[in-house]
Amino acid sequence: MSNFTDRLKTAFKSLSPANVGQYIQESQIYRSIFRVGVPDSDRKRMLVMLGSVFLHLHPVKVRKSGIRMRYTWCMGGITFFLFLVLTFTGLLLMFYYRPTLEYAYVDIVDLREQVPLGIMREIHRWGAHAMVIAVWLHMFRVFMTGSYKPPREFNWNVGVILLVLTLLLSFTGYLLPWDQLAIWAITVGSNMARATPFAGSEGPGSALLKLGDIGFVTSSSDARFALLGGRFVGESALLRFYVLHCVGLPLVAGFLMAIHFWRIRRDGGISGPL
Amino acid sequence: MSNEESKPKTPPAVPPPATPPPAAKVGPTAPVTPKPPAAKPAAPGATAKAVPRRSFLNWMTLAWTAFTASMLAAGTATARFMFPNVLFEPPATFKAGFPNEIQAGQVDERFKSKGVWLVRTNFDQWANASGIYALSTVCTHLGCTPNWLEGEQKFKCPCHGSGYYKTGVNFEGPTPRPLERFAISLADDGQILVDKSKKFQAEKGEWINPQAFLKL
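As given, the protein sequences belong to chains A and B, one line each in that order. Following my numbering, the numbering of the first sequence begins with -19 at its first residue and continues without gaps. Following my numbering, the numbering of the second sequence begins with 27 at its first residue and continues without gaps.
Hints in this document: simulated from the structure, not taken from any laboratory. These numbers were taken from a predicted model, which means no experiment stands behind them. Every residue gets a Cβ at the ideal spot worked out from N, C-alpha and C, and that includes glycine. Be aware that one or more of the hints could be misleading.
Unchecked claim - Each computed DSBU-like pair below joins lysine-lysine, with the alpha-carbon atoms no more than 35 Å apart:
no. : chain 1 : residue 1 : chain 2 : residue 2
1   : A       : Lys24     : B       : Lys225
2   : B       : Lys140    : A       : Lys190
3   : B       : Lys241    : A       : Lys190
4   : A       : Lys44     : B       : Lys192
5   : B       : Lys230    : A       : Lys190
6   : B       : Lys225    : A       : Lys41
7   : B       : Lys192    : B       : Lys225
8   : B       : Lys241    : B       : Lys192
9   : B       : Lys138    : A       : Lys190
10  : B       : Lys121    : B       : Lys222
11  : B       : Lys121    : B       : Lys180
12  : B       : Lys192    : B       : Lys180
13  : A       : Lys129    : A       : Lys190
14  : B       : Lys222    : B       : Lys192
15  : B       : Lys225    : B       : Lys138
16  : B       : Lys230    : B       : Lys192
17  : B       : Lys138    : B       : Lys241
18  : A       : Lys24     : A       : Lys41
19  : A       : Lys190    : B       : Lys121
Claimed, not checked - Some, not all, of what chain A presents toward chain B, calculated at C-beta under 8 Å:
no. : residue
20  : Lys41
21  : Thr167
22  : Phe205
23  : Ala206
24  : Gly214
25  : Pro230
As the list claims (entries may be wrong) - Restraint ranges, calculated between C-beta atoms of paired labels, are given here:
no. : chain 1 : residue 1 : chain 2 : residue 2 : range
26  : B       : Lys192    : A       : Ser200    : 26 to 32 Å
27  : A       : Arg25     : B       : Leu83     : 19 to 25 Å
28  : A       : Phe75     : B       : Pro184    : 53 to 59 Å
29  : A       : Lys190    : B       : Glu232    : 16 to 22 Å
30  : A       : Gly192    : B       : Gly123    : 52 to 58 Å
31  : B       : Gly231    : A       : Glu82     : 40 to 46 Å
32  : B       : Ala95     : A       : Gly31     : 42 to 48 Å
33  : B       : Gly187    : A       : Ser150    : 24 to 30 Å
34  : B       : Ala92     : A       : Glu82     : 45 to 51 Å
35  : A       : Lys190    : B       : Pro202    : 23 to 29 Å
36  : A       : Trp242    : B       : Phe197    : 31 to 37 Å
Next comes chain A alone, as it looks inside the complex:
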């Protein structure tokens, strides 16, 4: 009996954090996930960055000045963080929201009145506003620090597309509550698509696209029609905006974001003079 207690004591004594750490690090599970081990040398640090699908998008080394808050405002990072917040909260909202004329508005009301944690939709909404602001500030910062100049000009363009996607996400999400504000805002907003050159029924050049008396670009076949799936903001417009908002645009944005982050590393790291 005392023999067993002694062995237990010795076992506990050897149970120092260092030993446990070593035991974990030598286990097959740990080594199968983290190939390199503790990054305690420059070489290992580099290998860690290259060996991880998440980290490989980031620069291996960052200039000290590059991560100074006063310089970057961390606006790109905040934007990405908000995108993640919006993805997560949006996913949760999708469990309750149904994009039909019958249910859309009452589901939004229920999300506030009946569903637990009624601020979930507000987080999504305020997060969306914050993301638009953060994207603009990020762009402003990049512009003021001259970080759009070569070799970063390609990444600037990717960023501009991401800006447009952010605004489109904001625009499509605006319709989903299906209240008067939403319907008329989208009515007014989508009327702009009528003025698309050639593709909009009232845009320049669209009158040229006709065969005899039959015009190809009419209010039933122009860009606005494709956007709304109808001649006015109705059920199909709600469904289309929902699909674009929840699937289409986030996918494209996520794809471009991967390029955007990866190019930061390729084009000389986070901002700062080259």
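With chain A's structure known, arrange chain B on it following the hints.
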């Protein structure tokens, strides 16, 4: 044909390909076919049945053309997918009751949900007659739906404040032009027939069109 004859001139020892490259390809696609260096035969180890270099390029051209065409066709078809064939919207042409259901000077709001106000007037300056016209309920500023204010005898848009007289002519707010009028006529059974697919714009001088007004 003369091109074909000049080809096997260079290496007389090698028997010419049993099946000469398709002759027809040479003529029209001449720019595609590169001028081969005279010294090079078709291929060093080419058997008689292998595709010679010249026509191989033509095959590649054909393949790429076919691929591009199929991609374009698939893209077009996919784009077409976004334009539904059937719309679950109110029909563009509908019957709107009998003319005597509307009083002179009245703005009939019964069909506002279908996008039309029927207005009966004792005198319309464009038609130069009395009768009924069908006004579009779409604000010509940015597309909201104005409200008819009986007390003030005007259409007022809640979005940005555009105002229109009973005739549809704009007089206040940001809107640049009058409301549109739709084609209006009498159906066989004596009911008013409104055709929203035909619209008439005052600023284009279209309100004088006989279709834009139902004389009574």
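Against the structure, the hints come out as follows:
1. Lys24/A <-> Lys225/B: Between lysine 24/A and lysine 225/B the Cα gap is close to 73 Å, so the pair fails against 35 Å, i.e. violated.
2. Lys140/B <-> Lys190/A: Between lysine 140/B and lysine 190/A the Cα gap is close to 29 Å, so the pair holds against 35 Å.
3. Lys241/B <-> Lys190/A: holds, 33 Å
4. Lys44/A <-> Lys192/B: violated, 69 Å
5. Lys230/B <-> Lys190/A: holds, 20 Å
6. Lys225/B <-> Lys41/A: At roughly 65 Å apart (the allowed maximum being 35 Å), lysine 41/A and lysine 225/B break the hint.
7. Lys192/B <-> Lys225/B: holds, 18 Å
8. Lys241/B <-> Lys192/B: Given pair lysine 241/B, lysine 192/B holds - Cα atoms ~17 Å apart, limit 35 Å.
9. Lys138/B <-> Lys190/A: Holds, at roughly 32 Å.
10. Lys121/B <-> Lys222/B: Holds, at about 11 Å.
11. Lys121/B <-> Lys180/B: holds, 25 Å
12. Lys192/B <-> Lys180/B: Given pair lysine 192/B, lysine 180/B holds - Cα atoms ~6 Å apart, limit 35 Å.
13. Lys129/A <-> Lys190/A: violated, 44 Å
14. Lys222/B <-> Lys192/B: Judged against 35 Å, a Cα distance of about 19 Å means the pair holds.
15. Lys225/B <-> Lys138/B: Status holds; Cα separation ~16 Å.
16. Lys230/B <-> Lys192/B: Holds. Lysine 230/B to lysine 192/B sits at ~19 Å (cutoff 35 Å).
17. Lys138/B <-> Lys241/B: holds, 22 Å
18. Lys24/A <-> Lys41/A: With a Cα-Cα distance of about 13 Å, the restraint between lysine 24/A and lysine 41/A holds, given a limit of 35 Å.
19. Lys190/A <-> Lys121/B: holds, 30 Å
20. Lys41: violated, 43 Å
21. Thr167: Nearest chain B Cβ about 5 Å off; hint holds.
22. Phe205: Since chain B brings a Cβ to about 7 Å from phenylalanine 205/A, closer than 8 Å, the hint holds.
23. Ala206: holds, 5 Å
24. Gly214: holds, 7 Å
25. Pro230: Check failed: Cβ of proline 230/A comes no nearer than 19 Å to chain B, outside 8 Å.
26. Lys192/B <-> Ser200/A: 26 to 32 Å: Between lysine 192/B and serine 200/A, where Cβ atoms are some 30 Å apart, the hint holds.
27. Arg25/A <-> Leu83/B: 19 to 25 Å: Violated: the Cβ-Cβ distance is about 51 Å, outside 19 to 25 Å.
28. Phe75/A <-> Pro184/B: 53 to 59 Å: violated, 35 Å
29. Lys190/A <-> Glu232/B: 16 to 22 Å: Holds, at about 19 Å.
30. Gly192/A <-> Gly123/B: 52 to 58 Å: For glycine 123/B against glycine 192/A, whose Cβ atoms are near 36 Å apart, the range 52 to 58 Å is violated.
31. Gly231/B <-> Glu82/A: 40 to 46 Å: Once the Cβ atoms are compared, 45 Å apart, the range 40 to 46 Å for glutamate 82/A and glycine 231/B holds.
32. Ala95/B <-> Gly31/A: 42 to 48 Å: holds, 44 Å
33. Gly187/B <-> Ser150/A: 24 to 30 Å: For glycine 187/B and serine 150/A the Cβ distance comes to about 25 Å; the hint holds.
34. Ala92/B <-> Glu82/A: 45 to 51 Å: holds, 48 Å
35. Lys190/A <-> Pro202/B: 23 to 29 Å: holds, 25 Å
36. Trp242/A <-> Phe197/B: 31 to 37 Å: Between tryptophan 242/A and phenylalanine 197/B, where Cβ atoms are some 58 Å apart, the hint is violated.
Checked against the numbered hints listed earlier, the structure breaks hints 1, 4, 6, 13, 20, 25, 27, 28, 30 and 36; every other hint is satisfied.
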